[in-house]
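K.L.:
539 is the number that this note's numbering gives the last residue of the sequence shown; the numbers go up by one with no jumps.
The set of hints was computed from the structure by calculation and includes no laboratory data. Be a bit skeptical, because a hint or two may be false.
Here are the simulated PhoX-like cross-link-like pairs (lysine-lysine), alpha carbons at most 25 Å apart as the crow flies [stated by the list, open to error]: (1) Lys460 - Lys407; (2) Lys194 - Lys280; (3) Lys426 - Lys407; (4) Lys280 - Lys407.
Listed next, with one range per pair, are the computed distances between beta-carbon atoms [stated by the list, open to error]: (5) Gln361 - Asp106: 27 to 33 Å; (6) Arg153 - Pro410: 38 to 44 Å; (7) Lys426 - Asn112: 30 to 36 Å.
Cβ atoms here follow ideal geometry from the backbone N, Cα and C, with glycine treated the same way.
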Amino acid sequence: MQAFAALLDRLILTPARNGKLRLLEDYFRDQPDPIRGYALAAITRGLDIKSVKPAMLRALAEERVDPILFRYSYDYVGDMAETIALTWQPDFTGANEPLRLDDVIHELNAATRVTGPKLVEGWLHRLDADGRYALIKLVTGGLRIGVSSRLAKQALANFGNVDVNEIEELWHGLEPPYLPLFDWLEGRTEKPENLAAAPFRPVMLATSFEAADQERYDPADFMAEWKWDGIRVQVSSDKGVRRLYSRTGDDISATFPDLLEAMDFEGTLDGELLVRKPFALEEAGPVEVANFSALQQRLNRKTVSKKLLASHPAFIRAYDILFDGQDDLRALGFEERQRRLTAFMAHLDPTRFDQSGQLAFSNWQDLANHRAAPPSPVIEGVMIKRRAAPYVPNRPKGEWFKWKRDPMLIDAVLMYAQRGHGKRSSFYSDYTFGVWKGDGLVPVGKAYFGFTDDELKLIDKYVRDNTVDRFGPMRAVRATREKGLVLEVAFEGLQRSTRHKSGVAMRFPRISRLRWDKPAAEADTIENVEALLPPE
4 MQAFAALLDR LILTPARNGK LRLLEDYFRD QPDPIRGYAL AAITRGLDIK SVKPAMLRAL
64 AEERVDPILF RYSYDYVGDM AETIALTWQP DFTGANEPLR LDDVIHELNA ATRVTGPKLV
124 EGWLHRLDAD GRYALIKLVT GGLRIGVSSR LAKQALANFG NVDVNEIEEL WHGLEPPYLP
184 LFDWLEGRTE KPENLAAAPF RPVMLATSFE AADQERYDPA DFMAEWKWDG IRVQVSSDKG
244 VRRLYSRTGD DISATFPDLL EAMDFEGTLD GELLVRKPFA LEEAGPVEVA NFSALQQRLN
304 RKTVSKKLLA SHPAFIRAYD ILFDGQDDLR ALGFEERQRR LTAFMAHLDP TRFDQSGQLA
364 FSNWQDLANH RAAPPSPVIE GVMIKRRAAP YVPNRPKGEW FKWKRDPMLI DAVLMYAQRG
424 HGKRSSFYSD YTFGVWKGDG LVPVGKAYFG FTDDELKLID KYVRDNTVDR FGPMRAVRAT
484 REKGLVLEVA FEGLQRSTRH KSGVAMRFPR ISRLRWDKPA AEADTIENVE ALLPPE
């Protein structure tokens, strides 16, 4: 556990990507099986410890520390695991007794919700503060160490001197502690056979289309289609196994049983997961796409009710085809794959699968005109794809481009601030902002990114100097027409909402600029914001 605790501590304090990769590679090299495999599973969220939940850990901590003092401490520290680790007082002098990571996982997997917390309590007595922190992070699954699943797989690839895409394609056929994977990476065995049906294939990504690209590239070499505001997915059906993957390779099949039921085909499609507006599925005519908030109602659910399935029916708008049956089409050019996709789509349920059409354009200005006037508010912009481009992982230069619509901008006044988590736990970095409605401010959104580290320090100081009230972990900031910090907020879309006091909800809001030059009285009004709503 101490080596795992040291790894987490160093990963948190190492901001650079290459630094994190080196730490992970060294850990995989130094630690034996199965410890390194279980650490990898923890980092990639491959562990599911059912016997202990965060609320149980909090209850254990509040048995040993006054609950009010604990809540104040949590507010100050900003992280539950760190708060428990720092406030825990062992009952006996057993701190730093050796404890193996694999033993912890085996015992927790065999425990119940009655015995699991007791095991954790005993281990917390044996570990120092760093070890307690690592144990709690391991149990709850929320590491917050700045390492994505993809980054961990890249570290494995570097460690074994293989292509990361080979690991991606094997991943869903492997289980912790990944012994065959490490045997292969260290050259002791051949590459494991991918036994998983319907595996994930690494996706091809686009780069941003810049003004200089219009001079560099001939539009005749490219095709274009709408970029829809859903989530990019991969649909794979193989040997009776049906799976739906996110862009990063997470299996989200269980959340969309209605789509799995309609996957009566053999092959792999790349597309956008969307929700159609709630009308009868058998109704003829083009599908009308609901906004992103409707899709959010379907995401990250362990169970989906029949009512939600009926009111928020999901469908896939296919962009590309990777496999037709067992025929791998990825080496073909994009234009040829589009012809194969059209033929493939003719046999699918049109209420659950349709094809993204191609836009007609002869020059970049034609495409710019399309981009400026999309036919649906659920469109983010256009995708530009070279006709001859094969389907290859990552972001190959000059093959696929995304040309998103310019973001919407408003000037809003900072109203509330809350401490962040992890590296930001010392700063007020999560902001609620509002616009004028009559004589007062009404909140229209929240944002926690878009600003630089230097700007974060300036905002944090402003919050501390201008706090007028506190509500738990939230600080109310002075915000009047005479005194207030104006933030330029950028966002990708706007829609009406009955859940928000302002009546509107923003898509991807972020702080794009601090308007020290603008008086709070000149910030936008709710009427300015509503004018940006798409027509109903």
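K.L.:
A range of 38 to 44 Å was offered for this pair. Does it hold for the Cβ distance of Arg153 and Pro410?
P.N.:
For Arg153 and Pro410 the Cβ distance comes to about 26 Å; the hint is violated.
K.L.:
Given the hint that Lys426 pairs with Lys407, test it: the Cα-Cα distance must not exceed 25 Å.
P.N.:
Violated, because 31 Å separates the two Cα atoms, which is more than 25 Å.
K.L.:
Can the suggested window of 27 to 33 Å be confirmed for the beta-carbon pair Gln361 and Asp106?
P.N.:
57 Å, violated
K.L.:
Does Lys194 pair with Lys280 here, judged by a C-alpha cut-off of 25 Å?
P.N.:
46 Å, violated
K.L.:
Holds or violated: Lys280 with Lys407, Cα cutoff 25 Å?
P.N.:
The hint holds at about 24 Å.
K.L.:
Kindly confirm whether 30 to 36 Å is satisfied by the beta carbon distance between Lys426 and Asn112.
P.N.:
31 Å, holds
K.L.:
Sort out whether Lys407 lies within 25 Å of Lys460, counting only the CA atoms.
P.N.:
Violated, at roughly 31 Å.
Consistency note: the structure conflicts with the earlier hints numbered 1, 2, 3, 5, 6.
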